[in-house]
Amino acid sequence: MSTTTQAPRGSAPTRVQSLQRPRLPRWAPLLVALGAVAGAALLGLLLGWGLLSTGFVALLLFVVLMPVWSLVVENRRAAVDRLMTSLVWSAFLIALVPLLSLIWTVVSKGAPQINATFLTFSQFRTDLSQPVGIYHALIGTLLITLGATVIAVPIGIFTAIYIVEYGQKGRLARSITFLVDVMTGIPSIVAGLFAFALWILLFGPSARAGLGGSIALAILMIPIVVRSTEEMLRLVPDDLREASYALGVPKWRTIAKVVLPTALGGIVTGVTLAIARVVGETAPLLLIAGLTTRTNFNLFDGRMTTLPVLIFTQNANPGIPPPSGGEPPGIGIAWGGAFVLIVIVMLLNLVARVVGKYFAPKTGH
Amino acid sequence: MAKSIDVSDLDIYYGDFLAVESVNMTIPARSVTALIGPSGCGKSTFLRSLNRMHEAIPGARVDGKIIVDGQSLYDPGVDPVEVRRMVGMVFQRPNPFPTMSIYENVLAGLRLNNKKLKKSAADQVVEKSLKGANLWNEVKDRLGKPGMGLSGGQQQRLCIARAIAVEPQVLLMDEPCSALDPISTSAIEDLIHELKSEYTIVIVTHNMQQAARVSEDTAFFNIAGTGKPGKLIEMNPTKKIFSVPDEPATEAYISGRFG
Ligand SMILES: Nc1ncnc2c1ncn2[C@@H]1O[C@H](COP(=O)(O)OP(=O)(O)O)[C@@H](O)[C@H]1O
Ligand SMILES: [Mg+2]
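Protein chains in written order, with numbering that gives the first Met the number 0: chain V, 0 to 364; chain G, 0 to 258.
For reference, chain G alone in the conformation it holds in the complex (with noise of 0.2 angstroms):
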């Protein structure tokens, strides 16, 4: 079920704004993709715009392509809706919706969307995700309670069942952990681990071992300066860019000597 990603000449607009120029990279399916650079440099726009997010921005628009599994993200025809139902994502501080309980959130991607479900499925589709997301033993007496009364990291991980609650294909996830403390990061880490054999995963971090860790691919964003567009420096397999990277910039921002 997970699907590659291809990207071309891909810029990406604020307004006038040009926040992100010419992207061309291809990501591959059911392995775990990780983008890094320094702040303001695009990552999160990037990410946004594969899942046509980006554009909930009043005036943000993209020019150039993406095509996930043979269909172009950006074809007039296309309804953005559909494209956030096949690429889930996970924002960067945990949202549960707070009127609903755990119960509820996972299911929310499927209520909010009127699927009417039987108890028993819906039974079941909980305790799916909840156990994917590693989630299920520590909430199963309490699916009633309310969401927001989970800890940080539970809340996200509450976040992850819910984007996968919906079987997307792709799951994004920018800087998922950077609100979290070491042992639930460590939790999501493994989580990302698993998920990788279903999911093809894109996931934005500023912590280089997390990159390290986690991912199979590594692509680098700089920026020239500030108002000047993110441009990708260099995309390569994990192990290649924290050894022996292809450009000056990628091993500078790595080694910490970046300016």
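Bound-form chain V, shown alone (with noise of 0.2 angstroms):
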């Protein structure tokens, strides 16, 4: 090789490409979104349309200019890049849409319910002059979740264990598994009825109790359980258990001591959404619990009534509408009743979060 011809090391490249291109400027996307908005009420209110059809409309005028401006300008590949994440934000605010307006609902009637009393009388009452709350399907809800969760858990977290730890892919394991993601299927009348010929089957025809209804929930729970737990379980890295069984330590003790505790915050964030998904069920309870203006502790015997049957029940008969005219009160109580779910499922939410976080390994960084 001659070293006379090569260029010397350093020197600038003999041809520069540029790496400038024309680009929309960073507030182009809100201006864009102004102007279909704009366009869109000027059009709605021309035509007299609705609030809906209007932002629908901004929507899709916003998804047609915004990659039109940018194909002009910039060149198709971006104008592509701006299609696609204009139709991701659009998905994004579609599905937000029922969410809000559900909430919004839900709180704008429910939240003026909300009061001491509403919250600590049950409906049980010998006078029609004394107040009347939610207490009863309060305590109803937490006894029977209650009871459904100390069934569920173990039998998910167990089953869980044995698909990942032991059942090792064999026919077992599989069917295990094929069993319970049919059951995740299983509608929750279904499991009502089989909770409900249990109990009949057990305490003849007219027994009614919490933990029936708590029984029903846990069979619509186990799967859920299952399912995240086995996800959690299989997250943990084999390196740990090896590491495990290298200090001599037996395989029960492993998974108990370090396979566990390494996933609890996982299970934990499962096993509250498992709850929050049962808590606003009806069908089974209904069947099962029955229906009672009084409170009841017992979770073993007599009817026992929670905040989706009450909603239910209140809807169905609200009742004789005050004389001086408005709703009938069951309405107010059921939209009370909503919120008071609400607010449980949102701080069952929120409980997964900070365990979650609470037990995930930390890392010390």
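The set of hints was computed from the structure by calculation and includes no laboratory data. Each residue gets a CB set at the ideal place from its N, CA and C atoms; glycine is no exception. Any given hint might turn out to be false.
Below 30 angstroms or equal to it, Euclidean Cα-Cα: the simulated DSBU-like pairs (lysine-lysine) are [to be verified]:
| hint | chain 1 | residue 1 | chain 2 | residue 2 |
| --- | --- | --- | --- | --- |
| 1 | G | 114 | G | 139 |
| 2 | G | 127 | V | 250 |
| 3 | G | 117 | V | 256 |
| 4 | G | 64 | G | 195 |
| 5 | G | 114 | V | 256 |
| 6 | V | 250 | G | 118 |
| 7 | G | 144 | V | 250 |
| 8 | G | 144 | G | 127 |
| 9 | V | 356 | G | 144 |
| 10 | V | 256 | G | 127 |
| 11 | G | 115 | G | 127 |
| 12 | G | 195 | G | 239 |
| 13 | G | 144 | G | 114 |
| 14 | V | 250 | G | 239 |
| 15 | V | 168 | G | 227 |
| 16 | V | 356 | G | 227 |
| 17 | G | 144 | V | 256 |
| 18 | G | 117 | G | 139 |
| 19 | V | 256 | G | 230 |
| 20 | G | 64 | V | 250 |
| 21 | V | 256 | G | 130 |
| 22 | V | 256 | G | 115 |
| 23 | G | 239 | V | 256 |
| 24 | G | 114 | V | 250 |
| 25 | G | 144 | G | 117 |
| 26 | V | 250 | G | 117 |
| 27 | G | 130 | G | 117 |
Some, not all, of what chain G presents toward chain V, calculated at C-beta under 10 angstroms [stated by the list, open to error]:
| hint | residue |
| --- | --- |
| 28 | 27 |
| 29 | 28 |
| 30 | 84 |
| 31 | 86 |
| 32 | 95 |
| 33 | 96 |
| 34 | 97 |
| 35 | 108 |
| 36 | 109 |
| 37 | 112 |
| 38 | 161 |
| 39 | 162 |
| 40 | 171 |
Both chains come to you apart, so use the hints to assemble them.
Right, dumping it as structure tokens:
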């Protein structure tokens, strides 16, 4: 190789390629969004559209205008990028609409109902002048869900441990996984019927108890707990199991002291979400736990009302509207109950997050 | 307390696949034995059969005899858990327990086995093991912090401290430095030098210089081709292996002319 023809190191390359391209300004999407909203609003006013269709047209305008402008100024790749970004954002906004509208409706109608009386009195009264509340349903919901959790969590976690740690993709583990998947699809009313039939077989045709409801809910919870625990256990690296074996720790102790603690955050989150999923069930509880206006603290005997059942029945039989006009009293109670139920579910989700964070393995960074 | 290991006619299988074939060797006590050879020749597999970790893999099994201190490891009456208490192991990737602090990680072997320890005794074990692993000075002020917060080299030394805290007689190390920088590597090599007065050490390494630096004896494994079993080609004092090996294959591998 001759050194004379070689360009000295660090000299500029002969052909400088420009890295500059025409780009839309940063505020372009905002401008288009404002334009789309203004255009849609104008059209809506002229043609007398509702809020929803106006919003939809605004979204449509944005999704069309943004890529077109980009195609004119920038290039094809940028235009496709803008189109996809707009579509993703639109999907997100559309998904948000029912959620926000639901929360707004429940909060605006339910929150005014909430006061100390509403939360601490049951519906049982001996005189029409006495105040009523949802205390009995609150207690019913908490106890029945607690019962369901106590039944479902050990079964679910142990099943998942078997599948992941002992089953080793054998036939039994695979059939359990299949059955759990089938269980996920069981309609809640079927779970309720099962618990109902079980209860009647065991205790006679007129037996009613909150525990029956717990069993029905547990049937709905178990597959969720198994699935989420399974996922979490599979995430625990085999390195840790081997590290523990290599210290002369037996398998069961490795599972109890290394694998489960490492996965605990995720497991607790999964369990909490499973609770949140079943706490709003109506159908199975209507069948087996029945309906009462009294507060019942005994999970093992007697009817028990839960919030969803209360909401359902108050809505179905709202009572006589007051003579002064307005809604029948049951409607207000139902909205109040719905509000409390949503608050409970939100609190559960919050607890799941906090607990998940708290138990997550610490990195120390 | 260190023990020598006698291996005779050892075949190691994964299901039907024969991974390592008829190994015979004697690993002397209180010295460092290095295992070298190309990837896939069964060094890890052989190492893991020495403390019955091999059978943690579904379908894996072993034929032949391994005798430590007069006891055959694969006799029917032998409890693999007891074997692993006697033969400790350090893995390629540092794997401290993420839910535990540095202190708890060192004590893991004892605590997980439900040994009741007084606070003062536990403190002593932690200090002795961390000193043994040359980590004490770096972590003595943050024993309560998570083990995962240490650097890679410190984590590996923490794993060594954890392994020696249960006072094994043999220490197996599977490429303990391959995930570490040169400074951490040299710290661990120093540590191996110190540990060999008390433990029988078997170390797998891909680094010839490392094998030459730390070991008394070296065993060279090779494989004839993919799908063929790995074999022990030669085992000799390290000095001899790296100067005048008996086998041409060893010579070829060490000098980089290996095909
Ligand atoms: N878990 C396993 N299941 C089946 N085969 C394996 C497993 N681990 C290793 N092997 C096979 O065993 C042989 C030896 O592997 P290994 O002991 O990891 O080699 P080395 O550590 O020398 O690189 C290789 O052919 C590898 O594919
Ligand atoms: Mg290996």
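Do the hints match the structure? See the list:
1. 114/G - 139/G: holds (23 angstroms)
2. 127/G - 250/V: Roughly 27 angstroms separates the two Cα atoms, so the pair holds.
3. 117/G - 256/V: Answer holds: residue 117/G to residue 256/V is near 20 angstroms, not above 30 angstroms.
4. 64/G - 195/G: holds (25 angstroms)
5. 114/G - 256/V: With a Cα-Cα distance of about 14 angstroms, the restraint between residue 114/G and residue 256/V holds, given a limit of 30 angstroms.
6. 250/V - 118/G: holds (27 angstroms)
7. 144/G - 250/V: OK: residue 144/G and residue 250/V at ~27 angstroms, within 30 angstroms.
8. 144/G - 127/G: holds (18 angstroms)
9. 356/V - 144/G: holds (17 angstroms)
10. 256/V - 127/G: Distance ~24 angstroms between residue 256/V and residue 127/G Cα, so the pair holds.
11. 115/G - 127/G: Answer holds: residue 115/G to residue 127/G is near 18 angstroms, not above 30 angstroms.
12. 195/G - 239/G: holds (20 angstroms)
13. 144/G - 114/G: holds (23 angstroms)
14. 250/V - 239/G: violated (42 angstroms)
15. 168/V - 227/G: This hinted pair holds, its Cα atoms lying about 27 angstroms apart.
16. 356/V - 227/G: violated (48 angstroms)
17. 144/G - 256/V: holds (19 angstroms)
18. 117/G - 139/G: Distance ~19 angstroms between residue 117/G and residue 139/G Cα, so the pair holds.
19. 256/V - 230/G: violated (38 angstroms)
20. 64/G - 250/V: It holds: about 24 angstroms lies between the C-alpha atoms, which stays within 30 angstroms.
21. 256/V - 130/G: holds (26 angstroms)
22. 256/V - 115/G: The given pair, whose Cα atoms are some 15 angstroms apart, holds under the 30 angstroms limit.
23. 239/G - 256/V: Judged against 30 angstroms, a Cα distance of about 47 angstroms means the pair is violated.
24. 114/G - 250/V: Roughly 16 angstroms between the alpha carbons, so the hint for residue 114/G and residue 250/V holds.
25. 144/G - 117/G: Holds, because 21 angstroms separates the two Cα atoms, which is no more than 30 angstroms.
26. 250/V - 117/G: Roughly 26 angstroms separates the two Cα atoms, so the pair holds.
27. 130/G - 117/G: Distance of about 20 angstroms is within 30 angstroms: holds.
28. 27: violated (22 angstroms)
29. 28: violated (20 angstroms)
30. 84: holds (3 angstroms)
31. 86: Holds, about 9 angstroms.
32. 95: Holds. Min distance 8 angstroms.
33. 96: holds (6 angstroms)
34. 97: Holds, because the Cβ-Cβ distance from residue 97/G to chain V comes to roughly 3 angstroms (cut-off 10 angstroms).
35. 108: holds (4 angstroms)
36. 109: Constraint on residue 109/G satisfied, holds at 9 angstroms.
37. 112: holds (6 angstroms)
38. 161: At about 7 angstroms, which falls below the 10 angstroms cut-off, the nearest Cβ of chain V leaves the hint on residue 161/G intact, so it holds.
39. 162: Since the shortest Cβ distance to chain V is 7 angstroms, the answer is holds.
40. 171: holds (8 angstroms)
Checked against the numbered hints above, the structure violates hints 14, 16, 19, 23, 28, 29; every other hint is satisfied.
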